[in-house]
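K.L.:
Since chain A is already given, all that's left is putting chain B on it; use the hints.
The primary structure of each chain is shown beneath.
Protein chains: 2
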Amino acid sequence: MAEKRIFNFNAGPAALPLPVLEEIQSSFLNFNGSGMSITEISHRSPWFDQVINDAVERTKRLLNLDDRFHVLFVQGGASLQFAMAPMNFLTDGRSADFVNTGTWSTKAINEAKILNKEYSVAASSEDRNFCYIPKDISFNPDAAYVHITSNNTIKGTQWHTFPDTNGVPIMADMSSDFMSRPLDMDKFGMIYAGAQKNIGPSGVCMVIIRKDMLDMATDEIPSMLRYSTYAAKNSMYNTPPCFGIYTIQLVLKWLEETVGGLEKMEAHNQAKGKLLYDLIDNSDFYRATADKDSRSLMNVTFRLPTEELEKLFVEKAAEKGLGGLKGHRSVGGCRASIYNAATMEAVQALVEFMESFAKEN
Amino acid sequence: MAEKRIFNFNAGPAALPLPVLEEIQSSFLNFNGSGMSITEISHRSPWFDQVINDAVERTKRLLNLDDRFHVLFVQGGASLQFAMAPMNFLTDGRSADFVNTGTWSTKAINEAKILNKEYSVAASSEDRNFCYIPKDISFNPDAAYVHITSNNTIKGTQWHTFPDTNGVPIMADMSSDFMSRPLDMDKFGMIYAGAQKNIGPSGVCMVIIRKDMLDMATDEIPSMLRYSTYAAKNSMYNTPPCFGIYTIQLVLKWLEETVGGLEKMEAHNQAKGKLLYDLIDNSDFYRATADKDSRSLMNVTFRLPTEELEKLFVEKAAEKGLGGLKGHRSVGGCRASIYNAATMEAVQALVEFMESFAKEN
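Residue numbers (the numbering used here), protein chains in the order written: chain A, 1 to 361; chain B, 1 to 361.
FYI, nobody ran anything at the bench for these hints, they're computed from the structure. Keep in mind the model is a prediction, meaning the values are calculated, not measured.
Identical copies carry no separate label here, and so any pair may be met within one copy or between two of them.
In silico DSBU-like links for lysine-lysine, alpha-carbon gap of 35 Å or less: (1) K211 <-> K60; (2) K233 <-> K107; (3) K316 <-> K359; (4) K4 <-> K253; (5) K4 <-> K233; (6) K117 <-> K107; (7) K60 <-> K264; (8) K117 <-> K211; (9) K320 <-> K233.
For reference, chain A alone in the conformation it holds in the complex (with noise of 0.2 Å):
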């Protein structure tokens, strides 16, 4: 039983800005003098107007967003997003090319699959177990997308510069990297990102979309499964995941007004990541699992000499309240997730905590 608050280094579900949290306990029995919950208002009222309307225009600003962008609020996460893409976009023989570093990539192509849509693998990292992303792509100029994962949970890797498409719309799922930095949106047609990472709790995936993607998707399919249903209501075609909406407009009120905006907070997770990285590589006792070039800013994963050390390390870490570093159950390992909301205290507990225990074995 832990007595205070954790240092949490969750894969996701994860570590959520403390001022967010505490603001959502202050007022969770009378929200903004509605004298009922956040959950217990109605999604038509005036109150979740100003939640939902906040939290779209801070994302506006945050990515500098231009009119041609909607900012959508879909539920079933990313995984949904991996069948609706297809269903929307590759009607009429339309095919999508997709770039593959791991699970989550093999995951969205799988859907395209099983939906009997046209696609091609332009590129793959699957020779070297996902340890980097691939660079020299040639795409197919006739693509209605090209569909990548900006960031690697389980493998650690990262995007750190998107890909020449040739005018080719990307198609990002960025559920583990979304608004940890700025972003050149020219290059994109549509980004998505289930929250429960870096901008709120689970349950509920932001989709930001360009209007010519949208103008290209079918309405021959189940109205909840159309992007052009969320966009013409506001994504309150049907009632919404409110709370995890609130949550979303919080921890983006925090990102612009409290970290001051997307460059300074890429900053910050520089510096968290170049803390770990750097203790890492001048180590003989922990080993980067991922390419310099390819290492992510998000999840750092890394292995001990054995098997038993990292169990061992998992454990006697729990113990001193830093939670949440095994490694993901199909690669073992470890794995620090050093999201937007993870402090830099935080991080330098955990160096503290990885120098003593390789002094120690």
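P.N.:
Showing chain B alone in chain A's frame:
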């Protein structure tokens, strides 16, 4: 600005039991000694396993479910179920029978139509603006299922006994009266319910599905749209809506341990409904909109002599701390939603207000 909590008659999202909200609030920064918020813990942790398993077990006990039934948590609300059900079950030319009792049934029918599935409308109450529940319906004995909406929030109607379908499984959208009364589960092949009326916040939909329905479902549709995906993975194929499931778990605990089960909940709901309907029936000022034998115990819909008086009624009620009494925008009038969490105290306060408003106007 309400300094204290109001009496909340919203149709959904709706009032939740105050002890549940207080428990969420008090443990919001440190859930169950984890040192993390419920919004920050991993869905693959023992903390969350305990939450979801307890929610499933309580559902089984409350509804006396035997081992044939799976209890699932799905995102997308009832609106996604309108599409998922025909996608899963209406393959190989199989057909469904629908009973149309208003907006939500109509939407469910429309999604089957978008999907080019076989279906029939076995009965409808559209001839009198959906103010009653159809009786003496003859169903297609070869239908895959019979779809009904057990309670209509907009028209204020409710099925008080479920139809004889000659063994064809009933599929019921119970979004607005789930867990408000005991059920004879032998009649049902599937029940689904968006949580935001009787059992939790928006953003999670409960699905109870019988094994023979699961066996009938196709596997040739996207993973996130297959019931079998949820059944195989205890609703955790991908990250589930953890906060919503947690809130549901607490509401079910309240239903079992504080209320004392669904027989007691039903008696309480009948007493609340009687108070309101008796006042309306004994009044020349208020007029109930649904036929007596079809009236909902969840949503009491009524009219006043003029639209001006209805507007004034809603305004004056809000001034007295009685919120959410405006009828749905599609029908006008007034509506008091008195789900499980609406207290007798709230209903008595409303009755007193209605009596004095009638006298004064």
